[in-house]
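Colleague: Take a look at the letters that make up each chain.
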Amino acid sequence: MINYLSLLILQGATDSRVSSAWDGIKQPDLSKFLVIAALLFIIGVMGVLVRRNIIVIFMSIELILNAANLNFIAFSRYLFNTGSPNAIAGQVFTVFIIVVAAAEAAIGLGIVIALYRNRETIWVDEIDLLKW
Amino acid sequence: MLQDNLLTILILLPTVGALALIGHGLFWKRENDYRWIALLFSVITFALSLLLLTRVGENSDAAFRFEQKTLWIGAIGSYYHLGVDGMSLWLVILTTLLVPVSILSSWNSIKKRALSFYVFMLILESAMIGVFVSLDLLIFYLFFEASLVPMFFMIGIWGGERRIYAATKFFIYTAVGSLLMLVGIIALYYIHQQQAGAGTFDYLTLLDALKSGRVVITESSAFWIFLAFAFAFCIKVPLWPLHTWLPDAHTEAPTAGSVILAGVLLKMGTYGLLRFNLGLMPEMARRFAPYFVVLAIIGIIYGALVAMVQPDVKRLVAYSSVSHMGFVVLGIFSFTEQGMQGALYQMLNHGVSTGALFLLVGMIYDRRHTRQISDFGGLATPMPWFSTFFVIASLSSIGLPFLNGFVGEFLILLGTWLSTGFSYNWVATMIAATGVIWAAVYMLWMLQRVVFGRIRHGENARLSDLNAREVGLLIPLLILMLVMGVYPRPFLSRSRESVVAVQQRVTKSTGAAGSFSVEVQENKQR
Amino acid sequence: MFLLLQANTTELYSLRDLMLIAPELILTVCGCVALVMEVVLPYRKSKWTAYFALVSIGLAAASLASLYFANRDLFPLDGFYGMLRIDGFAILFKAIFLIGAALTVAVSMRYLDVEGEQHGEYYALVLFATVGMMFLACGFDLISLYISLELMALTFYVLVAFTKREKRSNEAAMKYFLLGAFSSGILLYGMSLLYGVAGSTNLGEIGRSIGVALQPSVNELGMMTSGIPLRPLILLGVIALSAGLFFKISAVPFHMWAPDAYEGAPTPVTAFLSTGSKAASFALYLRIFTEALGGLRGTALDWAPLVAIVAAITILVGNWAAVTQENSKRLLAYSSISNAGYVLLGLVAGNSYGYIGIVIYLLVYTLMNIGAFGIIISLRRRGIIGDNVNDMAGLAQKAPGMAAMMAIFMLSLGGLPATGGFIGKYFLFGGLLQRGRLEEKSWYYWLAAWAIINTVVSFYYYVRFIKVMYLGERVADDRPLALSPALRAALVVSLIGVIIIGIYPQPFIDLAQKLITPLTAGALAFR
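Protein chains in written order, with the numbering used here: chain A, 8 to 139; chain B, 119 to 644; chain C, 89 to 615.
Honestly, the hints are just simulated from the structure, not real lab data. Computed from a predicted structure; not experimentally measured. Glycine included, C-beta positions come from ideal geometry on N, C-alpha and C. Check the hints yourself; a few may be wrong.
Here are the simulated SDA-like pairs of lysine to any residue, each with C-alpha atoms no more than 25 Å apart in a straight line [to be verified]:
#: 1; chain 1: C; residue 1: Lys252; chain 2: A; residue 2: Ala110
#: 2; chain 1: C; residue 1: Lys529; chain 2: B; residue 2: Gln312
#: 3; chain 1: C; residue 1: Lys602; chain 2: B; residue 2: Gln312
#: 4; chain 1: C; residue 1: Lys602; chain 2: C; residue 2: Tyr156
#: 5; chain 1: C; residue 1: Lys486; chain 2: B; residue 2: Glu149
#: 6; chain 1: C; residue 1: Lys255; chain 2: A; residue 2: Met66
#: 7; chain 1: B; residue 1: Lys147; chain 2: C; residue 2: Ala487
#: 8; chain 1: C; residue 1: Lys255; chain 2: C; residue 2: Ala570
#: 9; chain 1: C; residue 1: Lys133; chain 2: C; residue 2: Ala570
#: 10; chain 1: C; residue 1: Lys555; chain 2: B; residue 2: Trp363
#: 11; chain 1: B; residue 1: Lys147; chain 2: C; residue 2: Pro568
#: 12; chain 1: B; residue 1: Lys187; chain 2: C; residue 2: Pro595
#: 13; chain 1: C; residue 1: Lys486; chain 2: B; residue 2: Asn150
#: 14; chain 1: C; residue 1: Lys602; chain 2: C; residue 2: Gly170
Not the full set, but computed from the structure, chain A residues with beta-carbon under 8 Å of chain C [what the hints assert, rightly or not]:
#: 15; residue: Phe48
#: 16; residue: Ala74
#: 17; residue: Ala96
#: 18; residue: Ile104
#: 19; residue: Ala110
#: 20; residue: Ile118
Given these sequences and hints, build the entire structure.
Modeller: Structure representation (structure tokens):
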């Protein structure tokens, strides 16, 4: 599905010649996907480092995972265009990541609930029993 | 059979004794048996160690006897290689002699956790014998480190007030040194691997390769490797200014621990200097000799002066060790036959007389529970036996003629006088000789305040004299003091060739870096 | 993946592939059975699950051994179209994991009784975590490696939180989970870049592609440089991968989770976490950095200096932070951090000495660390937490045997000769010196010297345990230790292992050398 979509994005607008900027948006090449993924990655890392709510931190981690997903898809598409026989691997990887992320979310939220039962807080600043 | 595996048996027998003790402790738990079992094993070990004399005869050559060589870790070319020559022979026998003596000395004074005490003592004996007979650098390092742990426990569990501080200090100091030595050992291994194809930890292989020039240690690596080894050994000796662990360790250790520490553990340092630093890196030894001589002389004088002002008898004896070991280092770095023989002899003397002094201090401590000089005085009246032994041991430590200390110190001073290894050797001799005078001052002053005079404290008048066990354990040491003072031939003639071999190696070797010999000559001209 | 597409679609895998993962299959099946047993058995009989887990680990070990003896001349064997590679490296690490898992199960039983959390799923989780580790050791594709890493990590999140009424356990699990998931994300990002650069997820193909990409003359992937210069991408990928892996092995500056997680987790889990999980992460690290990125050694993108700096800082911080700790689990956590630094040295060395060092050290470390934690477990009794260093006071009088074992484990951790720890450290440092001599670069020597100096610091805090146990007069409490036959057996096995490796390491070294050699060849093939 994603494969198909990216195919559309990459090939759908080959005929139009409006302006180079518009062109770039309509015909995104690999680098643009990588830049977006990198931005997602940085936002995710910043979120983990800056935010103090466990749930928000967890969402930031999901952003990082999705940055990797986007990378995989973009590379997979690119490799497909260059005729590499291995292009499908990236998409397979993405599916695996999504599945694992779901499992991770289940366990993570389970831990959050256990913690909340005992401590009644989900702010990392208040979770300070263990300190050196 | 027995003769061929003698060294292995000597190393293993005390450990077997320790295991037997543990087994006995597990099944019978009879407190009084422990010391008997420990004594039994250590005495058998001593008896067996005398068999070493059969093959290392008088005037025998420098070759190693009772050699054993089995592959240990093939992947890194490490062998279980043992052997004994004139240099290590007497140190092994000194070890096996002092262990039963110290076990006897702890007969009644070790009440707390007696089983562990004797177990550690026997394990320590194994390790100490191992140090003196191993010819593989890695095995040597192994025993060197292994001797550390039981001693740590002996000081730490059965020591005095500040025992934990003293034990930790002892452990950390020695561990730092021996780790540096390990670096040096590994460096030698790689140098041999680089130049001769295969790496080796074998002392004899290394020595042959270096002698024949097949393997040459470059100047800069030799510099660092020498320092790495020397650092480890100088901590152990201990050479001024690395001596600070020693007074603490000695003062806090139980009597038996002090005896073993002074009698044997310190000798590992000087033995290592003789065997490895001089044997493997003679050029560097020559280059460093002036520094070692200066440090040794500082140690002699410093130890003596500090000993003089000590209020505690045991601490006084501990500082006198610093002074005496300074003599040994001085003798080693004189690079003359007399000086080095004297150094070796002085190691034995120090083991015997300082050992005896520590035993005597321990005996009086058992009775009075104090070691302050000011608490004693006039002990000669209530304790004639004790006083006699104490005076003789002190005189031997001073170096009175016809007692053992004289022979060693005289040879060392003679060797220093004749030395060509460094300039101003006569100045060095003069200053070192004053060390003997200082020794007389602090020892006699201490004797005067402890043994002679009138009784100042009432309790001292009621002290009981030495009992048969205590006299019995001192007698062998006393006999040794006299014999070694009057008739040193059997000792010196056995070690002569081995010592001369090292001495020749140091003085004759030109080595790769010829600049060193030039430097030595420059020193002479200056 | 590539081969998968070419394969006959009706036959996705063969019986031979299944044979290759027989030990993992056995553990998986037994783990599922253990889950069922938990439901069927009444609470007071849930210990049966533990024995069942031990038996299944034994079965897996037997099948691993038969796998080794049947195929040892055929290594390396590829299975599942290159997703897995069974070679000596994999077998060695799997053996270490199985030993670790068996010891962990043995030391857990009494502890869970004391905690009142004796549940069968604990043992099932241990088995699943072991499966994850074992796949990590033999995975040869980024996908299989990632899945097995997550299998291991997810089970560990649950295990750390297992004592769910315990606040410290919750908190430790939370921190471990957040940072673990974070590091997985970073790792994954690195993997995605690596995939983009190499065009494959297979480690062998990645290695080949990178080798090709780095050769300026042969510009086979030159078309990829349209807008994407390869080198920065590789660099970024390597850095992200390294960061993720540094998290997993708790190397500084990504170590902050370890002390918290170790202190808060149930002690047997801490033992497993610090040995099995760490060894598995190192297996992953070694696989990726030798098979896929080995070609970067000696080029402009050499990762060795980065790893060397991290190792140096890790050793420093781990050792010095451990000195001031009062909680023994936390102390051992910092010691574990410093040990990760030592093991990294083997990777920096990157020669057969270094790899032998890594394997031997991880094996010995597994034994001695589980041993040490086993003693701490025995101090946990009803009403006594027992995880303070001072809780060991007077252990020598109360339980001389346990005290002696703890002393030997500590001395081995410090690397005293005649213990296994010495042999491991010897090879790690020796490998470094050898490499330095080969490349004639002095920083290898300085690194080794640095590690040795810091080893002395480590003596200080290891000896502290001995001091507390032996030298003090005070006895912490006079209640008997919580010992069970299984715990005792585990401790004795660990002790014997540590001493045998210390005194007669030859057979272990031979085995490690034989099985590790292909890895060395792979790492040096590009040079």
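Colleague: So which hints don't hold here, by number, going up?
Modeller: none
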